[in-house]
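Undergrad: Numbering (my numbering), first residue to last: 18 to 423.
If you are wondering where the hints come from, they were derived from the structure by calculation, not from laboratory data.
Where hints are given, some of them may not hold.
Said to hold, decoys possible - Simulated DEER-style distance windows between Cβ atoms:
hint, residue 1, residue 2, range
1, 28, 178, 28 to 38 Å
2, 178, 149, 23 to 33 Å
3, 262, 23, 53 to 63 Å
4, 325, 27, 24 to 34 Å
5, 380, 316, 27 to 37 Å
6, 226, 327, 49 to 59 Å
7, 262, 383, 40 to 50 Å
8, 173, 28, 30 to 40 Å
9, 390, 210, 50 to 60 Å
10, 331, 380, 31 to 41 Å
11, 319, 22, 57 to 67 Å
A virtual CB, placed ideally from N, CA and C, is assigned to each residue, including glycine.
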Amino acid sequence: MAIPDLARIKRARWGLRATFFFMGMAVAGTAARFAEIKSNTNASDTAFGVSIMLGNLGAIVGNLFGRKVAHRFGTRTMAKIVMTGVGISQIGYGFANHLWQLPFIAFLAGLTYSLANVACNTQGSMIQEFSGKSLMPSFHGSWSVGALTASLIAGSVAKHFSPATHISFNIFVAIFGIYVFTSALFPKSVDEADMKRNADVGHKDPIPDNLKRFINLVALGSLLATIAEVSVADWSSILLREDLNTGIGLNTLGFSAFTFTQIIGRFTVGKIIDKHGIPKVIRIGGIVGGIGYAAGLLISHSLAKGHHNHAALIVMCISYAILGFGVSPMPPSYVSVAGSIPGLPTTRALSRMAMIAASGFFLGRGIVSVLTGFIGLPLALLAPAFALIGSGLLASHLHLDRIKKE
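Make a model of the complete structure from these sequences and hints.
TA: Next up, the structure:
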C-alpha cells in the first residue's frame with residue numbers, strides 16, 4: 018500500500034484520535050496524583066522537580082533513536098510496543114515510596130513516551146497531508162480529552178483509592194484501548210512511501226544547513242511552549258495542595274481547567290489556522306496565554322498569603338484555563354511545520370525537532386526546579402509563563418517559505 022484510499026485515510030484518522038485519547042489518559046491520571054506521589058517519597062519541591070526532570074534525559078535518548086525504531090518496525094507497531102513501556106513507568110510512579118526511585122521511573126517514562134510521540138505524530142502528519150486539512154490540532158485535542166477524563170476520574174477517586182491502585186487500573190484501561198485502536202493506523206508500507214516521497218535528503222545524508230536552521234527555530238518554539246504545558250502536569254496539583262491549601266481531590270481542578278480549555282482550543286483552531294496561518298495563531302496564543310498565566314500566579318499567590326484560599330483557587334483555575342486555551346495550538350502546530358519541511362522524511366524531521374526541544378527543555382525544567390528552592394513554587398512558575406510568551410514571539414520565523422529564501 019503506497020497511497021491509501023479515502024476509506025483507509027478515514028479509518029486511520031479515527032484510529033489515531035482514539036490512540037491519542039488513551040495516550041492522554043495514560044499520563045494524566047498519574048499527573049493528577051503527583052502531590053501524593055511527592056508526599057509518599059518525602060521529597061522537597063526541588064528534589065521532586067529534579068527527579069522528574071530526568072524524564073527529559075529519557076526523551077532525548079528516545080528522540081535520538083526514534084527515526085531508527087520507526088524505520089525498523091513502522092510507526093504503527095512502534096506506537097503499540099512503546100506504550101507498554103509508558104504503562105509500566107506510570108504504574109511505577111504509583112508504587113514509588115523512595116526518592117531515589119523517581120529518576121529511574123521518570124527516565125523510562127520520558128524514553129517511551131517520546132518514542133510514542135514520534136510514532137503518532139508521524140501518523141498524524143501523513144493523515145493531514147493526505148486529507149489536505151489542518152487535522153493535527155484535533156488529534157492533540159483527543160489527547161486533551163483523554164487527559165481531562167483521567168483528571169476528573171482521579172479527582173473523584175483520590176479519597177477512596179491509593180495512587181498505586183488508581184494508576185494501575187487507569188493504565189490497564191489506557192493500554193487496552195491503545196492496543197485496540199492502533200490497528201487502524203497506517204501500516205509500514207505507508208511509512209516507506211512517505212520516505213520515498215521526501216527522499217531529497219537521503220536516509221544517511223547530512224541535513225542541509227538551511228533546513229537545520231529552520232528545524233532549530235521550530236524546536237526552540239516547541240521547547241518554550243512545552244515548558245509551559247508540562248509545568249501544569251508537573252506542578253498544578255502540588256501548587257493547589259501545598260501553596261493554596263486545597264484538599265485532596267480538589268487539587269486536580271487546576272489541571273482539569275487547563276485541559277478543558279485546551280480541548281476547546283484544539284477542536285476549533287484547525288479552521289482558524291487554515292484561514293490565518295500557524296504563525297499568527299501561535300503568536301496570539303503565546304502572548305495571551307503567557308500573560309494570563311503570569312497574572313493568575315501573582316494574584317493567587319497574594320490572595321493565599323492573605324488566607325483567601327477559596328478566592329486564590331478560583332483565580333488560579335481561571336489562569337490555568339487561559340493558559341490551556343493559549344497553548345492549545347502550539348504542540349500540533351510545531352509538529353505540522355516540522356512534518357511539512359519539503360524534501361525531508363517526516364520521521365527524521367520530527368525526531369530531530371523533538372530531540373533538540375527535549376535537550377533544551379531538560380535545562381528549562383531544571384531551572385524551575387531550582388527556583389522553587391529560592392523563591393518558592395508560585396514565583397518559580399513564572400518561568401513557564403515567560404517561556405510561553407517567548408514561543409509566541411518566535412512565531413514570525415515559522416513560515417515554510419523562509420527555507421526557500423535561504
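Undergrad: Each hint needs a verdict: does it hold in this structure or not?
TA: A quick look at each hint next to the structure:
{"no.": "1", "hint": "28 / 178: 28 to 38 Å", "result": "holds, 36 Å"}
{"no.": "2", "hint": "178 / 149: 23 to 33 Å", "result": "violated, 46 Å"}
{"no.": "3", "hint": "262 / 23: 53 to 63 Å", "result": "holds, 55 Å"}
{"no.": "4", "hint": "325 / 27: 24 to 34 Å", "result": "violated, 51 Å"}
{"no.": "5", "hint": "380 / 316: 27 to 37 Å", "result": "holds, 29 Å"}
{"no.": "6", "hint": "226 / 327: 49 to 59 Å", "result": "holds, 56 Å"}
{"no.": "7", "hint": "262 / 383: 40 to 50 Å", "result": "violated, 27 Å"}
{"no.": "8", "hint": "173 / 28: 30 to 40 Å", "result": "holds, 34 Å"}
{"no.": "9", "hint": "390 / 210: 50 to 60 Å", "result": "holds, 51 Å"}
{"no.": "10", "hint": "331 / 380: 31 to 41 Å", "result": "holds, 34 Å"}
{"no.": "11", "hint": "319 / 22: 57 to 67 Å", "result": "holds, 59 Å"}
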